[in-house]
Structure formats: C-alpha cells, structure tokens
Amino acid sequence: MNDTVVTDSVKRFKWVGTRPLRPDGIPKVTGRAMYGADYKLPGMLYGKILRSPHAHARIRSIDTSAAEALQGVKAVITAKDFPDQKFDYIGPERVAVNFWHVTRNIMAREKVLYEGHAVAAIAAISTSIAEEAASLIKIDYEVLPHVIDVDDAMAADAPLLFDDMITRGVEPVPTKPSNVSKRLEFAVGDVEAGFKQADVVIEKEFKTAAVHQAYIEPHACIARCDADGQTEIWSSSQGHFQMRALTAQILKKPVGDLRVYAAEIGGGFGGKTVTYLEPVATLLSMKSGNPVRLMMSREDVFRSTGPTSGSSMWVKVGVTKDGKIVAADGVFKFQSGAFPGSPVMNGCLCAYAPYDIPNQRAVGYDVVSNRPKAAAYRAPGSPISAFAVESVLDMCATAIGMDPLELRHRNACRIGTPTIFGPKHAHDGYAQTIEALQNHPAYKVKLGPNQGRGVASGYWFNGGGDSSATIQVNADGTVLVATGSPDVGGSRASMAIMAAETLGVDYSTVRAIVADTGSVGYTHVTGGSRVTFATGTAVVNATKGVIKDLCKRAALIWDVDPEGVIWEDGFAKPAGSNVGDFEPLSLRALAAKASATGGPITAAASVNAGGQAPGFSTQFCDVEVDPETGKVTILRFVAAQDVGRAIHPSYVEGQIQGGVVQGIGWALNEEYIYNSKGQLDNPGFLDYRCPVASDLPMIDAVLVEVPNPAHPYGAKGVGEVNICPPMAAIANAIEAATGCRLTELPMSPPKVLEAMDAKGA
Amino acid sequence: MSDAPARVVFTTGFSRRYTGGVTEFAVAAKNLRGVIREMDRKFPGLAETLEEETTVAIDGELYEIDFLRPVKPGAEVFFIPKIEGG
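Here the protein sequences come in this chain order: W and R.
Counting from 1, position 59 in the first sequence corresponds to residue 203 in my numbering; the numbering is continuous, with no gaps.
Counting from 1, position 11 in the second sequence corresponds to residue 259 in my numbering; the numbering is continuous, with no gaps.
Certain hints may be false.
Stated by the list, open to error - Simulated restraints on C-beta separations: (1) F726/W to A252/R: 42 to 52 Å; (2) R833/W to R285/R: 48 to 58 Å; (3) F726/W to A274/R: 54 to 64 Å; (4) G175/W to G282/R: 50 to 60 Å; (5) R285/R to F726/W: 46 to 56 Å; (6) R289/R to I559/W: 52 to 62 Å; (7) R289/R to G400/W: 43 to 53 Å; (8) P841/W to R285/R: 36 to 46 Å.
Because the hints were derived from the structure by calculation, they are not lab data.
Note that CB positions come from ideal geometry on N, CA and C, so glycine has one too.
Can you make the complete structure from the sequences, with help from the hints?
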C-alpha cells in the first residue's frame, strides 16, 4: 500500500494527481511497440562491430583486406575512417566532453583500452556474413599491462592508459603523468576546528562496485545516409536530439543533415544518454550506400557500454552528544573507465547536501582504468558518496544512542541552509521525508532474531533546461501534444494530463507523442529527472498559447474584444455580463471553425526551465540475514520521497520502486567480475545478478508532496534520488541484524558470511 | 536595499582559473545577461566560460544560463559547475 503525504492545500485539480491508463500500454504489452532493433528498411545491411579481446593493448596494425574481399560485405570501417577530433575539453567536463576521447571510445585508434573496445565495423547482406568478415580482420596487438581497480590505478607503478595525462586541479601542476585525470575539492567552514567540537568522531573506508544500468533493451539503431549526405537515424536512446548532436560532431556533419527518430526505449537509466552505435551505423551507411542496422548483444552491452563508477572512499563525521553534526570530511575516488569523466563532482556536491553541517570538505579524484567508459546512472555520483556518508552517520547515531531518523531530522537542511557548492538551499522537503517515516506504522514494528532495520537518505539536484512542445487542436476538438522527450517513465501520460488540466478538457481527448528532431523544437535528454518539470512546463506554456488563440477566435465569433473572453473548464466564456450574453464555446465548437477564424489551431513553446527544486528521499528497510549462508533477505522497504506534486502518482511510485530495486541490486549482488587478463567473466544476466520480483517485497512508496512553485503544477523531478539511500540503508540494517559493519559493495553472501565469521556472530 | 548590487560568487577552483583567486564580486544588474556582461568587462572572455561551463544559482534556485533570468537587488548569484543527470 502506497501513501501520499500532502503538505499544501487540498488538491483542486481534475486530472493532475489521477491515474489514467498509459497511452503507450497496448503496443508494449502486445509486443507491437517499435524498439531500436525492430526497424527495417529496404536494402538494409546488417552491421557487426569487432571488439578487442584485450584489456589494454597497442594496435600495431589492422588488415581488413580479407574481410572487404568477402562476398556480401559492403563496407568495412576502422578509426581511420572517422575524422579525428581536437583534444579539447568542450564545456563542463561531466556534461560535455572531449571529443578526442569520444571518437576513440567509439572506435579505438592508437590503443584498445578495455576488453570490448570497438576496433572495426562491417556492413554485410546478412548477419552471418558480417560475423565471418569480422573473423577475417587481422589485428596486430601489442598487449600491455592493465589495471582495473581504482586504488590500483592510482598507485605510483600502475600501468598508464595515457602517457601524457597530467592531473588537472592540482597545484603545482604535476610533472609526471598518471591515471588520475582530475582532482576536485569543495569545502565550507573549518573542518579541523569542527572536529574539535565533536564528542564522537567516526571515520571509515568504503568501496563500491561499478554497476551497470542493466536496461533490458540492448542498444540498437538503424541509419540511412543518402548520396547527398541527408541522413535519417532510428535509435533507441534517452535523447534523439542528443544522438543527432553527437553523431554530427563525431562525423563532422552539419546538424541540419541529420534527422533522428526516437524508437521506443527499453530502459536507459542514464546509460542511453551517450552514443556508441549511431555514428558507426551512419558511417557504414555512407560508405556502403545502404541503410545499416547495428545491434548490441547482451555481452556487448556489458563489455562495451558504460556502467557507473566503482569507487574507493574515506569519510569522517563528527557529532556532539545531543546530535549536532559539526564536521564532515571525505575523499571520493571514482573510476571513470577508460576515458576521463566519472560523476565524482556530483558525488562530492551531493555527499552532505541533505544536512546542515557548518564544516564540510569533499575531495574527489577522477581515475581512468581499463574498463568501459563510465556513463550516467540514476543521480550519477550521488548514490556512491551517499553509501559512505549515510553509513557513517548511522554509526554516529548508534554511538550517541540516538534514533537514526532523529539524528537526520535534527540536522536536516532547510531553506537557507548553505551547501558545500556555495548557494543556500532554496527548497524544503527533506525534513518532511523523515517525518513521513517517523510517522509510518511500519517503523515501529518489532523485529525478530537475525533481523535488523536500517535508514538512509539521499539528495539529487534534479534538472531543468531546454525543452519544446507543440500543441495541435484537431478538427473534432481532440488535441495532440508533441514533445521531444523520449518516454522512459510515462511522460506521454503526464504530458497529456498537464495539457488536459490546463485546457480543462477530458484526458481521453488528448494524445501525446514523441516527435522526431525534424518535427518539434530542440529538447534535451530524458535524464536528470528533468522531463516532467522542463518539458511539462513547455507543454503547459504551449497549451496556454492555444488558449490565448482560442479566446481570440471566440472574440472574433462574438464580435467582442479578445480581453472580453476568458477560458474556463474547456470553454470560451464572456469575461463578464458587460461583454454580452453568449453561449460558451467549447473546444470542439471552436475547432470546427478553425479555418474561418484564422486557420489551424496550433501553438509551440520552448523553454529553458529553471528553479527545478532538488529531490530528497529517506528510506528504511528491514532485513533478515541467514547466519549460515550470509544471504540477506529484504523483508520490508519503505521509501519516502519529496515529489513536489505527483502528476500521475502511479508513474511516480514506479520511479521510486524502480530506483529502490536498482539500489538493492547495487547493495547486495551486482558487480563486474574480471579475470587476471582484465576480461569480464560475467557479461550476462545469469551471472550479473540483478534483483528479480521473487527477491523482493512490495516496495512501499510514500509520496511526500511539497509543491515546487517554479512548475505550473508543482512538479519536481522524481526519477533519480530514490536510488541514493538503499545501499547504506541495507548496510545499516545488516549491522543492526548482525553487529557487522560492511563497507564494501556488493554485500553478497560470501562477504556477509566472512564478516560474521570474523566477528564470531 | 532596492538598488543593492547582486553578490556574485565563484567556487575557489573556478576563481583560481579565471578571476585571479577572487571569489566574490558586487555587480549591479537586472538580469543574468547584465551580470555576465559586467563580469566579462572585468575579465575579458569570461562570458563565454560562464555561458558554456556553469549552472547558476540565484538565491539558491538552480538555472541553466538564461540571459533573461531576473536578478533582484541584493541577490546571491553563484556560478557553479554544470551538473549532469541520468
């Protein structure tokens, strides 16, 4: 049973907050929805990417002649077919990129830097011919020593991935290269002085495993490049505008030559905000003259696409006896994979963000190693640092004999609380999530032997930025809402709800679609928990544009000034009795007269949405630990999250449940297992153990609604912060059950058992 | 207070790179464009960096760079590194 805690006045909406059926449901449950791999075009070729078997090797030569000579092969490409890119960090490192690195990740040049790194690609008339051609490509590798672990990669004698990588952010500038691409430091107050005020100081080291987003659908796309350069791509991604921009940059093509269509997406969670296939398929199509489809296998996904970072961390927290956190310090070392760009900055900024701590410091390191380049994963960076900080906070609560929720509540950030990154918090919401759990009946349920309860919290910025929407009123008064946001979590329904609410019409008369890059204005990715906020704002603004137009048309029909017409409950009405006595005009009636009153009724809006308000989540779980096997069973999981206003509560609950489940997998089982050669030994779902339904109780999602005034209906992003608390909540619960503090993820049965054996539990 | 300038703040790392280590400035401007223009006047070329590399927090509210975003008298304007989500 899920609950909703509403903190403002009673809801007064007709559609916002309701749970209509999802408009994309039938094609998805009947298997008719078109995902990236479902598209076919006349004359289509089948692509195959040849990948490195080595974790680290210099490419001495590549001979593709035998592959090119094979009958049925239409194109073979290697890195030399791609334009090289200037070595330049364009824009903010974590958001934008160094395209010198990006093009080398898409196709290796001088070296292969991880097992699975692409080295060549083939387009052929069949998959079997493409695979045979791949086997005919001769690559002369000079195998080099490799390094996987982040601490090992930082060692003075570690094999270097780049011979000229000098750590940025260090003064004086180092004279020797290393695998550390960047050092960051954020601080407020005086940390050393703060610790002197503490009655209890606890410090601990932690390690987290790199974990994959584990989206069900492997990457897939199809590209058709015509002789004049005009290119169309059908792709499964979190942002078809993003795929267009990245493909254009990597191939040095004009953006205007590319049109990208959003296929349905079978999960992304951040991992489909980057490109792997689209530029390769386009180049193969350019070279062959035919459309080319590329698909990854599950093994390709695990070996070649970005998980989030693994990490090594140290965190120290000081508290007074009465529960005031007076100082926090931490070092966060994040793997970025084979190229710079881990989410370590986010990890540093979010680590203590839920709390009012006068003295804080966070030092971060971005470290390359021989594994796939890290990609975004749900609140990238924040869950990692939260595991360490929230674990230590729990130990502090135990040390001073305080309930862990109470400790968090006493230190909860409020409006005006400073952050480590400078500005003061502008929104409440965190304390309310704690209170929701303090008042939750399950928090008071007594537990049995080998059982324990753990709590933890999380913070995420949420996103805003550029989005567009177009509204069209059809001849019968039905409405089309077109946006550029791929629908990963129910946004079509949410957009239709907001348009229906604004127009005052029935939800069933509004249809929302995901339009291609040629049919709607630029829209940034579906990521960062930004779509309901930013694209939703664009939809509401466009709808208001339609309403303004409708009022003008009604005024024309009534021969009155437009100011004399108001829009109310789906009808144009006279603003007052002085305007005249007119029967209200419905949307349908006005649509029927569209041609005579000025032509088709449409409106578009584009926004750079800001003031998005952050997300806060507090969760508790009850676990039982099998003393003989170390297996941890989740008995209960309650997750409270400040969602602003739930536009479609079922989807919001789904986001919370999904994030929690992914966090449970991160906590208990998921990890990459590399052999001594740096090759991945578990590139499939049988051996890379994600939670399945039978592993889990129903996740109890508690929606705390503290509306965001910057959104027309109060919405805040809800997709990410829910993955921040589970790892620490479970670690804290395991300690409560066993007395053993686990500091390394995953807390799989062997590790739990080892800890229990060591303690004699 | 009505004509108080905005307090513009950079992170320590950013200020080391671009503003000679100075982290705070008083800037009179009605909107973000005015703030950026004034900072570019003090440090030629800084506008491009601010526009491309930063997110801005005005009185704690996070925004992507948007010239028309109003800046009230006495507002705190923090330029912080851009943030990416998943």
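Tested hints:
| no. | hint | in the structure |
| --- | --- | --- |
| 1 | F726/W to A252/R: 42 to 52 Å | holds, 50 Å |
| 2 | R833/W to R285/R: 48 to 58 Å | holds, 55 Å |
| 3 | F726/W to A274/R: 54 to 64 Å | holds, 56 Å |
| 4 | G175/W to G282/R: 50 to 60 Å | holds, 56 Å |
| 5 | R285/R to F726/W: 46 to 56 Å | holds, 50 Å |
| 6 | R289/R to I559/W: 52 to 62 Å | violated, 33 Å |
| 7 | R289/R to G400/W: 43 to 53 Å | violated, 35 Å |
| 8 | P841/W to R285/R: 36 to 46 Å | violated, 56 Å |
The structure is inconsistent with the numbered hints 6, 7 and 8, although it conforms to all the rest.
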